Structures are given as structure tokens and as C-alpha cells.
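Chemist: Residue strings, one per chain:
Number of protein chains: 2
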Amino acid sequence: MKKTIQYYQKIFTERFNSINFVKFPHELYEPIEYALKAGGKRLRPVLTIMVCDFYGNNMEEAMNPAIAIETFHNFTLVHDDIMDNAPIRRGRPTVFNKYGSNIGILSGDTMFTKAYEFVTLTREDKLPAVLKVFTKTAMEVCEGQQLDMNFEIMPEVTMDEYMQMIFLKTAVLMGACLKIGAILGNATNEQCEAIYQFGEHTGMVFQLQDDLLDTFGNEKTFGKRIGGDILDCKKTFLYVNAMEKLSGSERIAFQLLYNDKTMDEVEKIIKVKEAFIKNDVIADCKSTMQKHHDLAMEALAKTGLKPEQKAVLQEFAESMLVRDF
Amino acid sequence: MKKTIQYYQKIFTERFNSINFVKFPHELYEPIEYALKAGGKRLRPVLTIMVCDFYGNNMEEAMNPAIAIETFHNFTLVHDDIMDNAPIRRGRPTVFNKYGSNIGILSGDTMFTKAYEFVTLTREDKLPAVLKVFTKTAMEVCEGQQLDMNFEIMPEVTMDEYMQMIFLKTAVLMGACLKIGAILGNATNEQCEAIYQFGEHTGMVFQLQDDLLDTFGNEKTFGKRIGGDILDCKKTFLYVNAMEKLSGSERIAFQLLYNDKTMDEVEKIIKVKEAFIKNDVIADCKSTMQKHHDLAMEALAKTGLKPEQKAVLQEFAESMLVRDF
Chain A
32 MKKTIQYYQK IFTERFNSIN FVKFPHELYE PIEYALKAGG KRLRPVLTIM VCDFYGNNME
92 EAMNPAIAIE TFHNFTLVHD DIMDNAPIRR GRPTVFNKYG SNIGILSGDT MFTKAYEFVT
152 LTREDKLPAV LKVFTKTAME VCEGQQLDMN FEIMPEVTMD EYMQMIFLKT AVLMGACLKI
212 GAILGNATNE QCEAIYQFGE HTGMVFQLQD DLLDTFGNEK TFGKRIGGDI LDCKKTFLYV
272 NAMEKLSGSE RIAFQLLYND KTMDEVEKII KVKEAFIKND VIADCKSTMQ KHHDLAMEAL
332 AKTGLKPEQK AVLQEFAESM LVRDF
Chain B
32 MKKTIQYYQK IFTERFNSIN FVKFPHELYE PIEYALKAGG KRLRPVLTIM VCDFYGNNME
92 EAMNPAIAIE TFHNFTLVHD DIMDNAPIRR GRPTVFNKYG SNIGILSGDT MFTKAYEFVT
152 LTREDKLPAV LKVFTKTAME VCEGQQLDMN FEIMPEVTMD EYMQMIFLKT AVLMGACLKI
212 GAILGNATNE QCEAIYQFGE HTGMVFQLQD DLLDTFGNEK TFGKRIGGDI LDCKKTFLYV
272 NAMEKLSGSE RIAFQLLYND KTMDEVEKII KVKEAFIKND VIADCKSTMQ KHHDLAMEAL
332 AKTGLKPEQK AVLQEFAESM LVRDF
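Chains as they are written, first to last, in our numbering: chain A, 32 to 356; chain B, 32 to 356.
Rather than coming from a laboratory, the hints here were simulated on the basis of the structure.
Please note that a few of the clues may not be correct.
Copies of the same chain are indistinguishable here, so a pair counts whether it falls within one copy or spans any two.
List time: in silico DSS-like cross-link candidates among lysine-lysine, alpha-carbon distance up to 25 angstroms [to be verified]: (1) Lys-54 - Lys-167; (2) Lys-167 - Lys-157; (3) Lys-265 - Lys-299; (4) Lys-304 - Lys-276; (5) Lys-255 - Lys-72; (6) Lys-333 - Lys-157; (7) Lys-341 - Lys-322; (8) Lys-265 - Lys-276; (9) Lys-302 - Lys-276; (10) Lys-163 - Lys-54; (11) Lys-304 - Lys-265; (12) Lys-129 - Lys-255; (13) Lys-68 - Lys-255.
These figures come from a predicted structure and were not determined experimentally.
Okay, chain A solo, but in the shape it has when bound (with noise of 0.2 angstroms):
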């Protein structure tokens, strides 16, 4: 069978389904199988023991790690779902809105002490510079969620600031799976920096291509409702793109529209749309999604991995760029 990301999928997957997480006291364990096999692409996990595996270790030394990260990514899900009071996540009521949010906070709370457990059974002489990745990431992210929270009350958002806040909740997360592989398949310290920078700008690709995907996605791919981020007046990309480019009346008109929550919703998201297009903020995304694509290129090609591996990851970083879904 070829080595494609869904070979180490299928691996990943079957591997993870068939933990239980479910001990004493149910309770509090029952939210953790449902939060965790809720389904999902399992992209970060796939990435750190498919890396593991380029670099010709036996990626069963990284499936621990992975699992950690997987089970660490859910766990932020879980809490940034009753920060934003986010009732549904792909397709099914959140965990917090399922059982309540004192166990959304307690779970989540034993999901990410889950994660360090399999952090913790790291080969020993990985383990102080696996961890290390690990915590400094998730310190990261909490950074992120911060900065992200911040921008709700904010009355503007720079573009610098909006692109350090994604950087911090998404990209780096990404990076540190490719890291965590690439140190567990004995990759050499350079090695291990240029995938973690190619995993930083796919992230950032992918979440760029998130804020363009919940204005003028496909509802039926995408999985969501198109319009969330507008309806929630979310300070994206887009909107602070756009922000940087009008001024004057304009500009006041449009950040009044933009934060109106009693406007008619179909009527708010196709005013809302208009001016994104009408500012060509498509092409200013894009264009910013390229310039991360190209870094990340130059990343992959100080890897050391083997021609026919960095296809692998090309063509990784390039479905970030045009995904549907």
C-alpha cells in the first residue's frame, strides 16, 4: 500500500477507536468517550506518526505521542466550546451542553491530565524533549484562546494581531505534531525546526482558509452554517482586512453592519458578503495563503526527508490551500 496521509490514517484511527476511556467514576469518563470519539479527520495524530515513520523510526514509538495530541486538541475543543457557549460541534450537542458545564470543565480538565498520560510513556530518552514541545505548544494555545477572547471586546484588531492570535491557536499545534514525529524518528535538530516551520504555515494556511470557508464555503462540504462567523461577529481575517481598507464614513458604516445582531441573518450575511467582495478581500486572503504555502515549501525542502515523502507532505500543504471542507 502506498504511504499517503490516509494509509497512516487508517492506522491512526483504528488504533485510537480502540481505546476505552470509559472507567470509574462514569460520570466523569462517559464525556471523555463521547468528546473523543466524536469522529474528526484525526489530521494532527496521522501527522506525527506518519513523520516518525518517514524519518525510519517504527512510528508505534510515536502512536503514544499522537494519541496525547489528539486527546490534547479535543480537550481545548471541550473548554473553547463553553467559553464561546458553542451548543453544537460536527453535528452533536458539545459536550458541556450535553452534561453540563461544571463536567465540561472537570473533563476536560481529565482529558488534558489523559493527554500527558500518554505523553508520559514516551521511550525515556525522547520523553524531557517530547514534553518539552508539548508544553510549551499547549501554553501557546491557551495563549491563543486569550488573544482570541481578547478580540470580542476589543473595539480593533490589527492584522499583526489577528495573524498572531491564529498563529498561537492553530499553527503552532500543527507544527508541533510534525515536531514530535520528526524528534521520534530520530531526525536530526535542524531537521526537526524545518518541519515544525513547514507544520506552522500549513497551519496558518488552513485556518485562513477556515475564515474563508465560513463566509463562502459550501454549506453541504464545509459541514457548518455558512455565515457563523459573521452572525457572531468574529473578528477574522476578512473583517479585519476589510477594516484596514475603508475609512472614513465608509468604514464606520461597515464595522456598524458588521457588529449588528439584530439585522435579519440572511439579510446581515449578504450585505456582509458583498463588501468583503467588493474590498477583494478574497484575493488579499489568498494571496496571504500563498505567501504561508511558499514558506512552508521552503521549510519542507531542509527536512533531509526523501523525494517521494516531501510529495507526501506537498501535496498535504497544497489540499490546506484549496479544501472544501
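For chain A, the structure is supplied; the task is to place chain B on it using the hints.
Modeler: Frame of chain A; chain B shown alone:
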């Protein structure tokens, strides 16, 4: 200077207070500084560095794990206060009360991450063992908190269930700080296990005395309003013990009294205290404490520590039996 608990307390407190937890973004880290600099006795980390020193290793090696334990303990308080909707801790507004519950959740998560950051600074050859104890304990503390929340909605709680809850929620952490100190002090596995047992039993004494003080303590020395558990209808040792002794209509009457949320507060406290006294719950609580104290002393004998060191730990354990603070 004689090496009493106070000696280590001074060293730890000075070190801990010298750490500046505030960094960017300020909205995330200021609540952390607020939570961590609220004072308190710092008992747990003090035990860690003391035991490391007792076993003959440089206590500096236990300093980062000790800071990790204190940070972790305070993280649990921040999240517990949200779950318990507790407005005040140590005479000041709780974190979520001061900053809102979203910041309470996220700065708690960040404190937990920070705790692992300090664990990661453990000497590499000791890191796997310390990490394992730390993570196992964190998991158990979460389980204990879940049981405590379950008790709120359970009509009946047995004494076994109650003891298991306080064991997980409180006692294991006391055991873990001592064990981590012993690991870092290069104690043998048997010695680590013995000091862990000593800590667990002393932790049980600590919590049972807490139950007693909450109802029968002195408001000035205890620092909390006396009768809080009664007003919160909390299933404590005292309540469970009384319920075990009562039967028939007396039992039903007591249950109704204890769970009455409309009665005048002073009247309810007086009536419940009368029922406790009538049913001899203080004596039972004290004899259970004594039983755990005796087990702690048995374990202490197996720690391989010098007589003067055992004396310090014995004095500590005895102070838990009679403390009024």
C-alpha cells in the same frame, strides 16, 4: 537553624514569591499571579523539598517539582471554585468571581500547563518517575472532584464512598508531594512507598479535621464562616456518620433538616450541630482520624529516615490532628 517545617516554609515561600507569572497576554496571566500569590501555607511543596533534603539530596533539585505541585493545587482550586460557584477564597474574591468564568477556565488550564512546565524542569533521570506520580495524582484529584459533585445529587452516600472521595480529592496529593520529594532525594522504592502511605493517611486526617472545623471550629482561627458545609447541605463525614446511625422517622427528619435551604441560617446550624452532638459524630470522626494517624505512624517507621527527621514528620502529622486553622 533547626530544620523544622518553618525552616523549609521560609525557603519555599521566598522562592515562590520571587517568581513573576505575569507575561503576555496580561489578561491570561494576571489572574494566575492573583491566584498563586494569595498566600496560604504552601504545605504541599514544603513537604516535597523537605523530604528531598531529609533523604540527603540537594533540595534545589526538588524546587521545580515543588513549584509544580503548588501551581497544580491552586489550579484545582480555581476550577473547583467555578464548579462550586464559590465567591470567596482566603478572604478575597475567587478568580472567576473577579475575572469571569471564561478567564477562570482558561487561566486554570494555563496554570495546569505551567505546572507541567515546572515538572519538565526535573532532572532528566528522575523525570519519568516524577511525571508518572504527578500525572497519576492529577487524574485521581479529578476523579475525587467528580465524586464530590456526584454526591451533591445522590440522595444517599455511604461512609465507604465518602472516604474514597476524600482519599482521591485530598489525600493522594499529600502522598504524592512526599513521594516526589523522596524520589528526588534518591530514596529506595520501599521508602518512597512508605512516605507516600504516610502522606495519604495524614491527608485523610487533614480532610476529616477540615470537616470538623467547618462545623465546630472557631471562625477567627479557621478563617472561614463556621457552618458553611451545613448551609450548603454538603455530605461530609459528620453528615454521613449521623445518617448511618439514625433510622426511621428520626433519620427522615434529620435528612429533611440538613437539606432544608429555606430555614433561618443560624437556626439550621444550631439544630444540625445539636443532632451531630446527640449522635456522637465528633467522637467517631476523631477516632477515624486517630486510626489514620496510627497508620501514618506505622508507615513513617518504614521510611528509613533518621529519628530527628521522623520527629519533624510526626510533629507535622500530629498538628493535623489538632489544628484549629
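Chemist: Up to 25 angstroms between alpha-carbons, please classify Lys-68 paired with Lys-255: within, between, both or neither.
Modeler: Close inside one copy (19 angstroms), not across copies (43 angstroms); limit 25 angstroms.
Chemist: For Lys-255 and Lys-72, with the copy left unspecified, which applies at a CA distance of at most 25 angstroms: within, between, both, or neither?
Modeler: within (15 angstroms within a copy, 50 angstroms between copies)
Chemist: Classify it for me, Lys-304 with Lys-276: is the Cα-Cα distance of at most 25 angstroms met within a copy, between copies, both or neither?
Modeler: Answer is within: at 15 angstroms inside a copy they meet the 25 angstroms cutoff, but 70 angstroms across does not.
Chemist: When Cα atoms must be at most 25 angstroms apart, do Lys-302 and Lys-276 count as within-copy, between-copy, both, or neither?
Modeler: within (17 angstroms within a copy, 70 angstroms between copies)
Chemist: Evaluate Lys-333 and Lys-157 at a C-alpha cut-off of 25 angstroms and name the case that applies: within, between, both or neither.
Modeler: The answer is within: 22 angstroms in one copy meets 25 angstroms, while 35 angstroms across copies does not.
Chemist: Using 25 angstroms as the alpha carbon limit, work out where Lys-129 and Lys-255 are close: within a copy, between copies, both or neither.
Modeler: Result: close within a single copy only, 19 angstroms intra versus 35 angstroms inter.
Chemist: Are the CA atoms of Lys-265 and Lys-299 at most 25 angstroms apart within a copy, between copies, both, or neither?
Modeler: For Lys-265 and Lys-299, only the intra-copy Cα distance (13 angstroms) is at most 25 angstroms; the inter-copy one is 50 angstroms.
Chemist: Since the copies are identical, ignore which copy is meant and state whether Lys-265 and Lys-276 lie within 25 angstroms (CA to CA) inside a copy, between copies, both or neither.
Modeler: The answer is within: 18 angstroms in one copy meets 25 angstroms, while 59 angstroms across copies does not.
Chemist: Tell me, please, which holds for Lys-163 and Lys-54 at an alpha-carbon limit of 25 angstroms: within, between, both or neither?
Modeler: between (29 angstroms within a copy, 19 angstroms between copies)
Chemist: Checking Lys-304 and Lys-265: alpha-carbon separation at most 25 angstroms within a copy, between copies, both or neither?
Modeler: This pair counts as within: shortest intra-copy Cα distance 14 angstroms, inter-copy 54 angstroms.
Chemist: Using 25 angstroms as the alpha carbon limit, work out where Lys-341 and Lys-322 are close: within a copy, between copies, both or neither.
Modeler: within (19 angstroms within a copy, 65 angstroms between copies)
Chemist: Evaluate Lys-167 and Lys-157 at a C-alpha cut-off of 25 angstroms and name the case that applies: within, between, both or neither.
Modeler: both (16 angstroms within a copy, 20 angstroms between copies)
The earlier numbered hints are all upheld by this structure, with none contradicted.
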